[in-house]
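Visitor: Read off the chains here:
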Amino acid sequence: MENILEVKGLTMDFGGLRAVDSVDLYVKPKEIVALIGPNGAGKTTFFNCVTGIYTPTKGDILVNSNRGGVRINGFKPNRVTERGLARTFQNIRLFPNMTVLENVMIGKHCRLSAKIFGALFRDKKTRAEELKAAQECYVILEKLGLEKTCDELASNLPYGDQRKLEIARALATEPKMLLLDEPAAGMNPQETVDLTHLIRMIRDTEQIAILLIEHDMKLVMNLSERIYVMDHGQKIADGTPVEIRNNPEVIKAYLGEDIDA
Amino acid sequence: MIAQEIIKSLKAAIWFMFLTFPIMVIKVNTVYKTIEWRWMNMVFIGVGVFVGSFVWRWLLERKDKPSAKKESISTRTQAYLAENPISKRALQGALLVALLFFPMFMDAYQINIFTVALMYIVLGLGLNIVVGLAGLLDLGYVAFYAVGAYTYALLNTTFGMSFWIVLPIGGALAAIFGILLGFPVLRLRGDYLAIVTLGFGEIIRLVLENWNDFSHGPSGIAGIDKPNFFGLELNLNQMTDGVYYMMVVFTIITIFFVGRLQNSRIGRAWLALREDEIACQAMGIGRTRTKLMAFALGATWAGLMGVVFAAKTSFINPASFTFLESAIILSIVVLGGMGSIPGVILGALIMILLPEYMRTFSEYRMLVFGGAMVVMMVFRPQGLVSNFRRKYSFHGVDERLGG
Numbered sequence: 108m109e110n111i112l113e114v115k116g117l118t119m120d121f122g123g124l125r126a127v128d129s130v131d132l133y134v135k136p137k138e139i140v141a142l143i144g145p146n147g148a149g150k151t152t153f154f155n156c157v158t159g160i161y162t163p164t165k166g167d168i169l170v171n172s173n174r175g176g177v178r179i180n181g182f183k184p185n186r187v188t189e190r191g192l193a194r195t196f197q198n199i200r201l202f203p204n205m206t207v208l209e210n211v212m213i214g215k216h217c218r219l220s221a222k223i224f225g226a227l228f229r230d231k232k233t234r235a236e237e238l239k240a241a242q243e244c245y246v247i248l249e250k251l252g253l254e255k256t257c258d259e260l261a262s263n264l265p266y267g268d269q270r271k272l273e274i275a276r277a278l279a280t281e282p283k284m285l286l287l288d289e290p291a292a293g294m295n296p297q298e299t300v301d302l303t304h305l306i307r308m309i310r311d312t313e314q315i316a317i318l319l320i321e322h323d324m325k326l327v328m329n330l331s332e333r334i335y336v337m338d339h340g341q342k343i344a345d346g347t348p349v350e351i352r353n354n355p356e357v358i359k360a361y362l363g364e365d366i367d368a
Numbered sequence: 006m007i008a009q010e011i012i013k014s015l016k017a018a019i020w021f022m023f024l025t026f027p028i029m030v031i032k033v034n035t036v037y038k039t040i041e042w043r044w045m046n047m048v049f050i051g052v053g054v055f056v057g058s059f060v061w062r063w064l065l066e067r068k069d070k071p072s073a074k075k076e077s078i079s080t081r082t083q084a085y086l087a088e089n090p091i092s093k094r095a096l097q098g099a100l101l102v103a104l105l106f107f108p109m110f111m112d113a114y115q116i117n118i119f120t121v122a123l124m125y126i127v128l129g130l131g132l133n134i135v136v137g138l139a140g141l142l143d144l145g146y147v148a149f150y151a152v153g154a155y156t157y158a159l160l161n162t163t164f165g166m167s168f169w170i171v172l173p174i175g176g177a178l179a180a181i182f183g184i185l186l187g188f189p190v191l192r193l194r195g196d197y198l199a200i201v202t203l204g205f206g207e208i209i210r211l212v213l214e215n216w217n218d219f220s221h222g223p224s225g226i227a228g229i230d231k232p233n234f235f236g237l238e239l240n241l242n243q244m245t246d247g248v249y250y251m252m253v254v255f256t257i258i259t260i261f262f263v264g265r266l267q268n269s270r271i272g273r274a275w276l277a278l279r280e281d282e283i284a285c286q287a288m289g290i291g292r293t294r295t296k297l298m299a300f301a302l303g304a305t306w307a308g309l310m311g312v313v314f315a316a317k318t319s320f321i322n323p324a325s326f327t328f329l330e331s332a333i334i335l336s337i338v339v340l341g342g343m344g345s346i347p348g349v350i351l352g353a354l355i356m357i358l359l360p361e362y363m364r365t366f367s368e369y370r371m372l373v374f375g376g377a378m379v380v381m382m383v384f385r386p387q388g389l390v391s392n393f394r395r396k397y398s399f400h401g402v403d404e405r406l407g408g
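As you go down the protein sequences, you meet chains A and B in turn. The opening position of the first sequence corresponds to residue 108 in the numbering used here, with each subsequent residue numbered one higher. The opening position of the second sequence corresponds to residue 6 in the numbering used here, with each subsequent residue numbered one higher.
So that you can see chain A by itself, here it is in the shape it has in the complex (with noise of 0.2 Å):
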């Protein structure tokens, strides 16, 4: 399996209501793709099941491995994140009486392996370990420009250091792909640019795929490679932005269908 990620026939009910139905989608290594679609698409839900906060009704999750593909439907949400999955969130969920380094640090958390006596005892590898953590969580807070405020609490921020902070978090989990649930809300216009610039950084420099929900369609257009549109928990389209610019299914989804047609 090439992928980094597939998805295929993915499909969540909640009840009687289908909010995702039958969606397939892959992301490949390095790659910039987007997740599209009206309020209520369905797009929320979808990273909900990949991410492991929602068990699917049906389809299949796959991560890539070094044994092949490994299906992940069901995983709790930190076994997806071990895999290499990591998320922000549409509405910020950072740790706000924590300061922003710890905010790092917990992203590293599965990666280090410090258990209780190395906690009760301190022994000189859990003090290394402990040490090497910190530092590789200050190297990315400066990638992301935040290390000025790394004893700062988090509520201290300011909106768009809190989103990057959210950014900085999920990259410390060291991760293949990184996805990010509409990492430019409430932005205003020179933040999302910078944002833009920020986001492909990160896919150069890591070397990360990246999948992301987003309503800005000039960051969308600008970003992406690959986009992903959804309606009514179907995918209605999906191919390159100009493709999908041109589309009338995702037009009409959009902005309504035309009196006279």
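Since the hints were derived computationally from the structure, they do not count as laboratory data. Don't take every hint at face value.
The list that follows gives simulated cross-link-like pairs (lysine to any residue, SDA-like), each with its CA atoms no further than 20 Å apart [stated by the list, open to error]:
1) A:232 to B:293
2) B:70 to A:263
3) A:183 to B:291
4) A:231 to B:268
5) A:232 to B:194
6) A:222 to B:261
7) A:222 to B:194
8) A:165 to A:128
9) A:183 to B:261
10) A:165 to A:339
11) A:222 to B:293
12) A:231 to B:261
13) A:183 to B:194
14) A:222 to B:258
Distance windows between CB atoms, simulated [what the hints assert, rightly or not]:
15) B:374 to A:228: 23 to 29 Å
16) B:369 to A:186: 53 to 59 Å
17) B:80 to A:296: 36 to 42 Å
18) B:374 to A:263: 54 to 60 Å
19) A:296 to B:261: 39 to 45 Å
20) B:93 to A:186: 24 to 30 Å
21) B:164 to A:224: 28 to 34 Å
22) A:238 to B:166: 39 to 45 Å
On a predicted model such as this, the values are computed, not experimentally measured, just so you know. Glycine residues also receive a C-beta, built at the ideal position from the N, C-alpha and C atoms.
Keeping the supplied structure of chain A fixed, place chain B upon it in accordance with the hints.
Guide: Quick look at chain B alone, frame taken from chain A:
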């Protein structure tokens, strides 16, 4: 402006005079079947509330002022100590010396009170893991204390097992009970968790009270052996000193271990769990494991203290393990400051020593206690000592990472 303030205070005074009228003014003498009207009390309350309400509003205003938001004394002290390790060591040393020489100048009564206070420090620190760090509101903490106490009582009276052998068994058994409680409540948070843990605490107490064959019911277990110190023959006073010194050692070990846990990978995971459970899982932290570890470790300290308690008093019955006990330990944690070790220590000293020394005012003890809690929650909801964040410093990160 001033007229408004006065009217506000007048209203408060009238309201309080009305509310306290039945208990403060009317006194029924059942022997002579007469009613005594104590109007002076009403005047005292009126004046007291009138003046008090000004003070109250002034304090509230002062609290909301932005200038009052500067770092509190506790934060500044902690920051100073963190930056000056020498003064920190000196302070620790002074405290240790004071603790070691304390019994030489005090009588057995004082030493006993202090031993109890130290026990509550350890209990508070244990509950602090569950409530303060992991944010799991546990109202049944005393159940684990009971598990430890009955473990020693039963093993000692039936099999004659010694204190030092049962101590780890009691701790381990409490940890197992912690996990037993943890499993069904993994998905619960906040109020729901509090209710279930409250029920758990009551279940343990009721079982102990009613299972006569096992625990001798409400009459309890008597004649439990005191701890054995290196096989020495000790008289009553020496035993009191012995238990005191043992508790000093225990407390120091607990402070040391809890401090390390807090600043470890596991401690960070607990904090994250407290802050946001979903984000915490999405960042790769296993919820089951982390929560159960908090429950088990918190319970362990309670179990150890239970063994010490049974050995110290040499008699236990279920009445020592009521909900009030859980509430006191929880108040220690909340009053002191959730998640802060110096806070919990201060909280335990206040909560245990103050009522002891206020025995002269024993009638008003609960009133003062209740009032103090209300004032605390209004003016310092974060507790006496706010949690001090550890800071990292980065000098030459790049060289150490090799570019």
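Visitor: Give a verdict on every hint.
Guide: Status of each hint after checking the structure:
{"no.": "1", "hint": "A:232 to B:293", "verdict": "26 Å, violated"}
{"no.": "2", "hint": "B:70 to A:263", "verdict": "19 Å, holds"}
{"no.": "3", "hint": "A:183 to B:291", "verdict": "8 Å, holds"}
{"no.": "4", "hint": "A:231 to B:268", "verdict": "15 Å, holds"}
{"no.": "5", "hint": "A:232 to B:194", "verdict": "35 Å, violated"}
{"no.": "6", "hint": "A:222 to B:261", "verdict": "17 Å, holds"}
{"no.": "7", "hint": "A:222 to B:194", "verdict": "25 Å, violated"}
{"no.": "8", "hint": "A:165 to A:128", "verdict": "9 Å, holds"}
{"no.": "9", "hint": "A:183 to B:261", "verdict": "34 Å, violated"}
{"no.": "10", "hint": "A:165 to A:339", "verdict": "17 Å, holds"}
{"no.": "11", "hint": "A:222 to B:293", "verdict": "15 Å, holds"}
{"no.": "12", "hint": "A:231 to B:261", "verdict": "17 Å, holds"}
{"no.": "13", "hint": "A:183 to B:194", "verdict": "18 Å, holds"}
{"no.": "14", "hint": "A:222 to B:258", "verdict": "19 Å, holds"}
{"no.": "15", "hint": "B:374 to A:228: 23 to 29 Å", "verdict": "40 Å, violated"}
{"no.": "16", "hint": "B:369 to A:186: 53 to 59 Å", "verdict": "57 Å, holds"}
{"no.": "17", "hint": "B:80 to A:296: 36 to 42 Å", "verdict": "40 Å, holds"}
{"no.": "18", "hint": "B:374 to A:263: 54 to 60 Å", "verdict": "36 Å, violated"}
{"no.": "19", "hint": "A:296 to B:261: 39 to 45 Å", "verdict": "54 Å, violated"}
{"no.": "20", "hint": "B:93 to A:186: 24 to 30 Å", "verdict": "42 Å, violated"}
{"no.": "21", "hint": "B:164 to A:224: 28 to 34 Å", "verdict": "30 Å, holds"}
{"no.": "22", "hint": "A:238 to B:166: 39 to 45 Å", "verdict": "44 Å, holds"}
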